[in-house]
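Chemist: One letter stands for each residue in the lines below.
There are 2 protein chains.
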Amino acid sequence: MDASGYFENMVGCLNRLPGIGMRTAERMAYRLLAQPDTLLRDLREALDRAADGLRCCERCGAVTTPDRNPCRLCVAPERDDHIICVVESPEDILILERSGGFKGRYHALLGKLSAVQGDGPADLRLDHLVRRLARDSVTEVVLALNTDVESDATAALIAERLRPLRNVNVTRLAHGLPAGSGLAYSDPVTLGRAMAGRQSVG
Amino acid sequence: MDASGYFENMVGCLNRLPGIGMRTAERMAYRLLAQPDTLLRDLREALDRAADGLRCCERCGAVTTPDRNPCRLCVAPERDDHIICVVESPEDILILERSGGFKGRYHALLGKLSAVQGDGPADLRLDHLVRRLARDSVTEVVLALNTDVESDATAALIAERLRPLRNVNVTRLAHGLPAGSGLAYSDPVTLGRAMAGRQSVG
Chain A
3 MDASGYFENM VGCLNRLPGI GMRTAERMAY RLLAQPDTLL RDLREALDRA ADGLRCCERC
63 GAVTTPDRNP CRLCVAPERD DHIICVVESP EDILILERSG GFKGRYHALL GKLSAVQGDG
123 PADLRLDHLV RRLARDSVTE VVLALNTDVE SDATAALIAE RLRPLRNVNV TRLAHGLPAG
183 SGLAYSDPVT LGRAMAGRQS VG
Chain B
3 MDASGYFENM VGCLNRLPGI GMRTAERMAY RLLAQPDTLL RDLREALDRA ADGLRCCERC
63 GAVTTPDRNP CRLCVAPERD DHIICVVESP EDILILERSG GFKGRYHALL GKLSAVQGDG
123 PADLRLDHLV RRLARDSVTE VVLALNTDVE SDATAALIAE RLRPLRNVNV TRLAHGLPAG
183 SGLAYSDPVT LGRAMAGRQS VG
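Taken in sequence, the protein lines are chains A and B.
What the first sequence shows, in the working numbering, is residues 3 to 204, in sequence order.
What the second sequence shows, in the working numbering, is residues 3 to 204, in sequence order.
Worth flagging that the hints you see were computed from the coordinates, not collected in a lab.
Note that the Cβ used here is the ideal one computed from N, Cα and C, for glycine as well.
Among the hints, a few may not be true.
Stated by the list, open to error - Sample of chain A residues at the chain B side, in silico, Cβ under 8 Å: (1) Y32; (2) D50; (3) V65; (4) G106.
As the list claims (entries may be wrong) - Chain A residues, not near chain B, derived (Cβ > 12 Å throughout): (5) K105; (6) V144; (7) A146; (8) Y187.
Whole structure, please, built from the sequences with the hints as guidance.
Modeler: Below, the structure is given as structure tokens:
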């Protein structure tokens, strides 16, 4: 491979990262070459360390270490194996853990359907989820996705894919008014969902 | 450094690439970890090869090899040392070379002023250009930048920086109608510039 081959190879690899088009990949490559002793060196070291010291948990997809795979939450004996909470990003797991409202297992999709980013069903850890459900004795899947259009499409796709699994109940987080807020601060979509999901207080 | 430290370090490095915000850097990092044997491995190899086999030409900024630095165009004896053509990206050098209309030296800025991308004067190879002009016997700097708002701002900045150099004449490529086109296909800004730059045919 000659110099232009090396360069095109680098651009091609950067182009495979999510949300990175050809133009941005080229700009990234030029910037890396322009700063060989800082940016390029630091990124190479960071990727080397990540390859040695980090893993995607083979079960839930969260970031873990090679000696803790499956991760801590996936093996904790006190947690409920019958319920899996599906999130978009591993950081959502930390956010849900902080709320303390869930004691089951997690599954991170590592993305969502996105026409803008060019992410389709194959870019999500969806087959992985289906295999996990077929293997484990799961009775409920809670979709804890975001509430934008792309996440709604992702939720619909997952519900569709899990429909054949008769013994698995698919639920989603409640949509409605956030705590500590009021009607005057809510947008029409939130209010509409809160109304549609109204509950009996009797 | 522990697992979360490795991860944050990787995100921080990716975040330093041009046009990459924190959210995109995180998505890139998760995707890299999710594909350790394909994407992460390929990118590490590409960066290793780039670090070994590629250089930014120390004079013009174009991509070259360690054994050809300065690059071929910078050392070609038949080219005119008195005139430097300033471009945004190294690929612009190839485009200009194909037109055959320039026989001087080149200087790639490796970027332009961009509020959106967060690129300021320090991100351009501008000090480098000023040092080059002070050292070499350059009499003309041709600004061959693009014609959008950000490139116009970049051209204005360069003209401002080079004003103290009394012996250097700063010019820019002509703006006007493209070849093989007509008035009906031209946008108002192009037509306005063509009119303002009209030339005597007498």
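Chemist: Would the hint on Y32 of chain A stand, with a C-beta cut-off of 8 Å toward chain B?
Modeler: holds, 5 Å
Chemist: Find the nearest Cβ of chain B to the Cβ of Y187 of chain A and say whether that gap is larger than 12 Å.
Modeler: holds, 25 Å
Chemist: Once the shortest beta carbon distance from D50 of chain A to chain B is found, is it less than 8 Å?
Modeler: Because about 7 Å separates D50 of chain A from the closest Cβ in chain B, which is inside the 8 Å limit, the hint holds.
Chemist: Hold the hint about V65 of chain A up to the distance rule: shortest CB distance to chain B must be less than 8 Å.
Modeler: With Cβ-Cβ at 5 Å, under 8 Å, it holds.
Chemist: Over 12 Å to the closest beta carbon of chain B is the bar; see if K105 of chain A clears it.
Modeler: Since the minimum Cβ distance to chain B is about 23 Å, K105 of chain A lies beyond 12 Å and the statement holds.
Chemist: Checking hints one by one. Is G106 of chain A an interface residue toward chain B, by the C-beta closer than 8 Å rule?
Modeler: violated, 22 Å
Chemist: Non-interface claim for A146 of chain A: all C-beta distances to chain B beyond 12 Å?
Modeler: Given that every Cβ of chain B is farther than 12 Å from that of A146 of chain A, nearest at about 17 Å, it holds.
Chemist: Going by Cβ atoms, does V144 of chain A stay more than 12 Å from chain B at every point?
Modeler: About 21 Å separates V144 of chain A from the closest Cβ of chain B, which puts it past 12 Å; holds.
Hint compliance for this structure: hint 4 is the single one not met.
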